Structure formats: structure tokens, C-alpha cells
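Number of protein chains: 2
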Amino acid sequence: MAHASLALQAALKQVSAEMDRQFDLLLAVPGDPRKGLYEAMRHAAIGGGKRLRPLLVSATAQLFGVDRTCIARTALALECIHVYSLIHDDLPAMDDDDMRRGKPTVHKAFDEATAILAGDCLHALAFEVIADEKTHPDPFVRIELSGTLAVAAGPAGMAGGQMMDLEAEKSSFDLATVTRLQAMKTGALISCAVESGAILGRVPIEGRTGLRGYARDVGLAFQIADDILDAEGDEALVGKKLQKDGEAGKETFLSLLGLERAREQARMLVDQAIEHLKPYGTEADLLRDIARYTLERDR
Amino acid sequence: MAHASLALQAALKQVSAEMDRQFDLLLAVPGDPRKGLYEAMRHAAIGGGKRLRPLLVSATAQLFGVDRTCIARTALALECIHVYSLIHDDLPAMDDDDMRRGKPTVHKAFDEATAILAGDCLHALAFEVIADEKTHPDPFVRIELSGTLAVAAGPAGMAGGQMMDLEAEKSSFDLATVTRLQAMKTGALISCAVESGAILGRVPIEGRTGLRGYARDVGLAFQIADDILDAEGDEALVGKKLQKDGEAGKETFLSLLGLERAREQARMLVDQAIEHLKPYGTEADLLRDIARYTLERDR
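Protein chains in written order, with full-length UniProt numbering: chain C, 1 to 299; chain D, 1 to 299.
Any given hint could turn out to be false.
Said to hold, decoys possible - If we take Cβ atoms under 7 Å as the criterion, some of the chain D residues that face chain C in the derived model are:
#1 Asp120
#2 Gly147
#3 Leu166
#4 Glu169
Stated by the list, open to error - Only part of the chain D face toward chain C is listed, based on derived beta-carbon distances under 8 Å:
#5 Ser5
#6 Val29
#7 Gly31
#8 Pro33
#9 His88
#10 Phe110
#11 Glu112
#12 Ile116
#13 His123
#14 Pro137
#15 Ile143
#16 Ala150
#17 Gly160
#18 Glu167
Derived by calculation from the structure, the hints in this document are not laboratory data.
Here the structure is a predicted model, which means the values were calculated and not measured.
Where a beta carbon is used, it is the ideal one built from N, C-alpha and C, also for glycine.
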């Protein structure tokens, strides 16, 4: 948590503990042949990760005084989708990664079939969590959350972006295509986190423009920082294999812009993200801290 | 469609055409690097399959005079889940099947990464379709459909059943465990189809007992018939590799009961399913025909 403000450090710690607690409840291991499936989900979901998306749900919803249980359960649903995507992306047929968050990936610690099913189960559980009235008493809020999450996870969002990322190894994408790819692959779920906070806060569509701009810019800055970490980071700190993009011959923000321009672009995006929060006072300081932190993180 | 009544034949034909039409609209191929992903989804989703789950949604909802668009879109969502599960179940790490519905499986026609993502996308699209107000104007109906589908797809339903099925190759399950496995693996989504028809029809929970009994019995009868087809069916008609359970040393209804008792059990379940429909008049004849057809089908 290098360079995170004290307030952000406290918030990250609180959200991480809450997510671990929520996953522990959601993924209680049954005493039947599905034991390995649940253990695999727990392995991937508990005790690790930056919990950036849950933090964004929480920091946004707090602007509007949303109930803590509603926040925690919505954040849990988003993190279910994020964790499922990591499990599937790590599979041998996809990015073929052995380490994630400093631990063996699910298909390494268990097996491929269990990893595929653990991802599928977390995917379904996200929508089960959202649909439960414990997440929000108003069915209209729940179905809006559910639809927003489904679009962000599907072919127009995260999964579509992953498909483009696989194609990136075979083609030579330009900056516009890489930007679109990343806006889908990581940006869609980051935007969905902020949007979910606004939905919980019952912000009407026309009142979400600033928050949407914030989310888009933070998502891109986060990805540029990720590209820089992939090239220059410390594998022990990041907890996964690095320098994979270069080896795969994939165009990234870094390869297309060079290190200096990529850093500059990310700083510009962070400033722009913070500018989008102008209508908000100190209650949005956590969102501002998150924007700055996307560049300063070392994992 | 051997032995299907004329009314059932007409309904199957109508539902199949409607599902192909819905998938064609849902899966319009974009002119970008996701082209292969959409083609893979279309390969799996269009022009094949018995469309049993959409038919059950439709036949149940018709009891209550539900609007045709609501029925078609809800049926589409269920079939998205069913098709995604077939794509993932066929993967080399899972059941490792080369043929499905008389065509190469998705990972054979495309590649494994595309198959994983095509399944993931159909999974998300199911919840996107349900959340859209075109599916039903009342958000309460949509969120109930969504939650019911998520539970049926997840670790307590279809995906949990598939995990138990993989374990079945390593263990020697008794009849109670095989029954539970199948009630989850195929039964959960079949039950969800009937339940969705009742939700669209605004049938309160206490009014669904008969329909739930019907769905449970039809689901089990269907699975016993599937086991018998696996042992005795014609590969050309069924369109996939057969006799896999025996080779894998898996216990099934057939291995545990023997052919004669398995047939008898399935007939008993069909009679019982029809008995559950006693409160309904001729308007439930299609549901009765579906129950009988589960045993008589040759594919």
C-alpha cells in the first residue's frame, strides 16, 4: 500500500476485511462432493487482491449515505465477477498463469475442471447475491444493479475485452483499439462499481455524468499503471508473473506510447478524473485518493 | 421427434424457430476483433437442440395467458444458460466431447479460449436479457426471474451438479446421491423453466406446488431417459458420442437400477408428473405431452 493516504489505507483495510467476511459466509463449504468446488472458490476469493472494485462501490455509495449492508452485498457481487474473471483468464487456454496474488492459480492448486466450474459458480453467485432482497429492499434498484453488472461482465464489457486481448497477440492494434479493449476488459467493471454506488444512492441517470467520467478516467489510468507494472514491477510484490505483454508481442499503452508518455497520459487522466468530482466536496476525498493511488501503487 | 403428439410437434417447431430468431438478434456479429466470439456463440446457440427448457417456459406461462414477448425473452435467457453449460461441459478439461447436436463442439470448431469466453458471455447475456424491461414491465417479476435463474445455474444447481458429476468418476455414488446430482445438474434448470413460467404468470409461491412437483418428476424422468439413450441410443440421431458413462465407470440410474427398473421408474415419474397437473384442464395438455415425450424421444 505504498503511497496510499491514511484515509485510503484505512478504507482499503476495512473493505478488504468486509469482503473476506462476506465471501466466508457466501462460500461455506458443504459436506458433500462439491467440497473441492467451494474450496477452490475460497482459495481465489478470500485473503488477497486490492479490492479496488468493492472500494469504488463503497466510496461512491457513501457520497449518498447508502446503508452499509447494501454496499457490502453489492460490492460482494462485483468482486464475485472480478474473481471469476481472474480464474478463467488464468486458465492454460487463456493467459496460462501459474501464480496470482502470490498463490498458485486455481487450476494449479486444484485442476482445470474445478477452475472452470469455480469461475462459473462465482459468476452465477454474483447475480444471486444481487437478486436477494437483503441487497436492497427496492426491486427496481436490484434489477438495475443486475442489468448493469450483466452488461459490464458480458461481450460488450469484460468478457468481450478479454476476447479482444487474446486477438491482440495475433494482430497489431493501434492506440484507439487498445484503448477500447482496455475500456472493456478492465474499464467496464470499474465503471460498473462506480455506477452501482450511484444506483444504490438513487442518483438519476442525468446526475451520473461526472461519476461516469471519473470512472472512465480512473479505469484507463489504472490500466496504464498496470502496463507499467507489467514492464517494471517487482514480481514478488505484484504476486504474479510479469513482462508477459512484451513476450507475447502484444501492443499496450506502454509499447504504443513509450514509458514517459504513458506516465504523463496516466497523470493527465488522474487529474481529469479528480476534475469530474468538482460538484462534490470533501465527502468525495476518498474517490480522489483512489484516483491518485492508481498511479502510485506497487502491486 | 419420434412419438411426439401433433400438438407437441407444432409447439416444438414454433419454439425452436422463435429461439433461433431471438439468438440471431441477440448475437449479431460485430465488425471488430470479437467476431470469432460471436460466431462461436452462434455456432452453439442457433439451429439445434431440443429447446426443452424454452418449451417448458412457454407451456407453463401459457396456462396463465402471459404475453408472447415476455415468454420468448425469458425462454431465451434460460436457453443462454443451457447453451453456455453445454459449451463448458464439452471442454477437454470437463467431459471432453468433440460432437454436440451433430456438429463439432465449440472448442473443436474454434478453440478452447473462445469456447470458455463464449460460455461466459452467454452466461452474462442471460442476466442482461432478464434485466431488460422488454422481458417484463414489472421490476419485481424481472428480479424474481433473475434470482431464480441464478440459483438454478450456480453451485446449488446446475454447476454444482456438474461438479458432483465429475466426482462421480472417482467415487461410487449410491442411488440417493445420483438422484441429488441429477436433480441439480439437469433438474435445476428444468425446474427453473417451469418456475419462470409461473413467475411470469404471477402465480404466488403457495400456488406453485403442483407445477414444482411436475417439474421435479419430468426432470428426473428426462435424465433416466438420457441415461438409457446414452447406453442404447443411435449416435447419428443423438448427435453426440454415447456410452460415455459406462466407459468412465460412473454410476447412473441405469447402472444402479438396471434397464427394466430404470424404464419402470421413468414411467412412474411421468405418471406422477401428469398427476400433479390435476388442478389444470385441457390448457395443460401440452405440459402432459412434454412429460410423456421425455421417455419416447430418440435424441
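Here's how the hints hold up against the structure:
no., hint, result
1, Asp120, "5 Å, holds"
2, Gly147, "3 Å, holds"
3, Leu166, "5 Å, holds"
4, Glu169, "10 Å, violated"
5, Ser5, "35 Å, violated"
6, Val29, "11 Å, violated"
7, Gly31, "12 Å, violated"
8, Pro33, "4 Å, holds"
9, His88, "6 Å, holds"
10, Phe110, "11 Å, violated"
11, Glu112, "3 Å, holds"
12, Ile116, "6 Å, holds"
13, His123, "5 Å, holds"
14, Pro137, "11 Å, violated"
15, Ile143, "5 Å, holds"
16, Ala150, "4 Å, holds"
17, Gly160, "5 Å, holds"
18, Glu167, "4 Å, holds"
In this structure, the earlier hints numbered 4, 5, 6, 7, 10, 14 are contradicted, and the remaining ones agree with it.
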